[in-house]
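Participant: Sequence:
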Amino acid sequence: MNVTELWSQIAHWLGRHAPVTAAALRPPVREPDFAELEAEFSVELPGELRALWLSCGGTESDVLADVLPPFYTPYGAEQALASWRDHRKNWTAQWERPACDYYAGSPGSSFHPSWIPIAGDGFADELVVDLRPGPLHGCVLEWEQEHAQVLRPEWQGIAAMLTDVHRALINGVPAGHSYPTVTEDGRLDWQIR
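Residue 34 in the UniProt record's numbering is what sits at position 34 of the sequence shown, and the numbering runs on without skipping anything.
Mixed in with the good hints, there may be bad ones.
Claimed, not checked - Straight-line C-alpha distance at most 25 Å; calculated SDA-like pairs for lysine to any residue:
| hint | residue 1 | residue 2 |
| --- | --- | --- |
| 1 | K89 | S106 |
| 2 | K89 | P135 |
| 3 | K89 | E40 |
| 4 | K89 | E146 |
| 5 | K89 | F41 |
| 6 | K89 | D164 |
| 7 | K89 | E142 |
| 8 | K89 | C100 |
| 9 | K89 | P133 |
| 10 | K89 | V43 |
| 11 | K89 | A35 |
| 12 | K89 | H166 |
| 13 | K89 | Y103 |
| 14 | K89 | D121 |
| 15 | K89 | P113 |
| 16 | K89 | L151 |
| 17 | K89 | S42 |
| 18 | K89 | P117 |
| 19 | K89 | G105 |
| 20 | K89 | S109 |
| 21 | K89 | D101 |
What the hints assert, rightly or not - If you anchor each label on the Cβ, the simulated ranges turn out as follows:
| hint | residue 1 | residue 2 | range |
| --- | --- | --- | --- |
| 22 | R152 | T181 | 32 to 40 Å |
| 23 | A11 | T183 | 16 to 24 Å |
| 24 | P107 | D33 | 30 to 38 Å |
| 25 | D189 | D33 | 32 to 40 Å |
If you're looking for bench data, these hints aren't it; they were derived computationally from the structure.
Heads up, the beta-carbon is just placed ideally off N, CA and C, and yes, glycines get one too.
Let's have the full structure, built from the sequences with the hints guiding it.
Facilitator: Right, here's the structure in full:
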């Protein structure tokens, strides 16, 4: 399945099994201006990221919906851009160059401008798509704000991430190191085991 189909299947599952989480998600308010986003990010956006933002508008700014393991709420294009701008402002003020290797998927200890946020935990940790060059271009990394680092790719790309989430929801198996559960009040929760 492609990103659009996977997102649709995940949203459908949430609507049936975790309605509070499903209700927090919103479709895009309007189609993102990809040319404008690419100009600001200074990278070409891959088709998987475009498809995600055409399918998912994130949530209201203060609403969390832990759709992505272990505790991440997906961003729409506007939320992603706002987060990216905040990172660039903070890290540019402290470092001239990001403390990261040149190639996608490699570890880093400062926020790289080619990392595009796609989900956040409501505090400062995020999932980012790594658009540095190399064989792992487009992989998904977990940015840990407290340690100011990324370690290894979590998924090879957005479709791989959504495939893992979909499989976990349908089969009750882990996605990464987290198992999906639904709380009594109808929220999706991921339990680390």
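Participant: Could you tell me which of the hints above the structure violates, numbers in ascending order?
Facilitator: Violated hints: 2, 6, 12, 22; rest satisfied.
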